[in-house]
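All chains should be built: construct the whole structure from the sequences, respecting the hints.
In the order they appear, the protein sequences are chains A and B. Count along the first sequence from 1, add 50, and you get the number used in the working numbering. Count along the second sequence from 1, add 3, and you get the number used in the working numbering.
No lab work stands behind these hints, which were simulated from the structure alone. Where is the CB? At the ideal position from N, CA and C, for every residue including glycine. Just so you know, not all the hints are guaranteed correct.
[Said to hold, decoys possible] Derived DEER-like restraints, expressed as beta-carbon distance ranges: (1) B:L191 with A:P157: 50 to 56 angstroms; (2) A:M221 with B:A106: 19 to 25 angstroms; (3) B:A106 with A:A128: 39 to 45 angstroms; (4) B:A105 with A:G64: 34 to 40 angstroms.
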Amino acid sequence: MAHQLLILGGPHVGKTHYVGQLYLRLTDKRRAAQYALQMTVPPTDLTAINHIIQRLREGRSAGHTPSGFNEVISFTVADRQGQQVALTFPDYAGEQVQSLVRNYLIPPRWQEMISQANEWLLFIRPDEIKPLEDVTNRSRSHLVEQRPRAKEALAQGELSAPAFYIELLQMLR
Amino acid sequence: MRLLKARSQVVCIGLVGADNAGKTTFLALLYALLRQGQAIPGYRFAGSCTLPGWEAIASSLTFREDRTDIQFPPHTSRSTGRDEGRVPGLLHLVLRPDDAPAAVLDVVFTDAPGEWFTNWVVRHEADAAAGARWVYQQSRAFLLFADRERLTGSQRGPARGELMDLADRLKHGLGTRPLGLMWTKADLPNERPQFLEDISQHLQHDAARHYREFEVSVELSGAAQWHPQVLASVAWLLDTLRRESGTPPPVPVPAATEQDLFLLRRQIIC
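So, in structure tokens, the structure goes:
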């Protein structure tokens, strides 16, 4: 059984790190007993996560996936009943997701990834989403104490985080 | 719009009121409340085709670092580019009724400049009132905006006249379409309760079959009182409509303007 898992999310949400962590766990024979899945066929091409797994082994986090970088990681796992699942994770820079929404345009490559994927995993980092401050929760007199706002984004007509995720899912639907 | 019509019946809600009465601010507050996770009672938010349009008007009610005051949404301009003032800006919401979760309700709010309605009252067939006629004909429900600030200020005489004329015009041929009266800027002290009471009496006299009043304001000090009424008013209109008839007629879309109908970017109509 082949499964393509599409991990969706903007930049810095940890998409590539997730795959790197998954890889390290699945290949950790010492703890294999703890996990329901075992890697049966390792990836033939580690390019996309090589840098990240090196850094993770040093106990550090790695840098950002460069934009325009389109690699695919594929490996096969098996559950305890021996059911084999071939997993494919397309890797890309999160900016691509941002530009999907910003341009209201899904490039052919993305169309392909979206339609081929059996599952989507949407990554959101709540700590990076600034709380919205508008009339529903702030009075005018509190404005002096306002934390610095992302005024640039608003000036450029960019969407707030809730609107961005709604729009993304509406576009991919 | 064609896609929406294929999917479900589109309910158009007409926002009617004089210039600066708070129609766009009402929409911005509605969106800000939905965005913060609040719900229209009885309905679940299920998407929108005009998120950038909503964001654009709501951003006026979002605080900015460089400002010490919120900005009210800019006045909706009468000149609408290619539309030439014939079709209002439309903002879209997809809602799912709690009592019928499988159903999809497409709701469209009109965001039209106040001058359209002023012209419409003076001369029904005026060219400058084409947009107002569109709103009047296509809407399945109306919210009439009464600017309490103006109705208690020094211009209250003319303001009252305008509002009553507009209400009379709306009620003519209204049928079973629900009409909500929205008192805006409700935070301001009501110095002339009798004056406002008279207006209310006038509106209720041979009133619309479905008529209700709401008070709204963006002021946070009375948020618990006024903000829920924004959501409640929409819920009331939709509830009334759904009770009244299961089959609203579809909104005919003028072919020439179909591309521009949606307020994807506010610039289109500004």
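Hint-by-hint comparison with the structure:
| no. | hint | verdict |
| --- | --- | --- |
| 1 | B:L191 with A:P157: 50 to 56 angstroms | holds, 52 angstroms |
| 2 | A:M221 with B:A106: 19 to 25 angstroms | holds, 23 angstroms |
| 3 | B:A106 with A:A128: 39 to 45 angstroms | holds, 43 angstroms |
| 4 | B:A105 with A:G64: 34 to 40 angstroms | holds, 36 angstroms |
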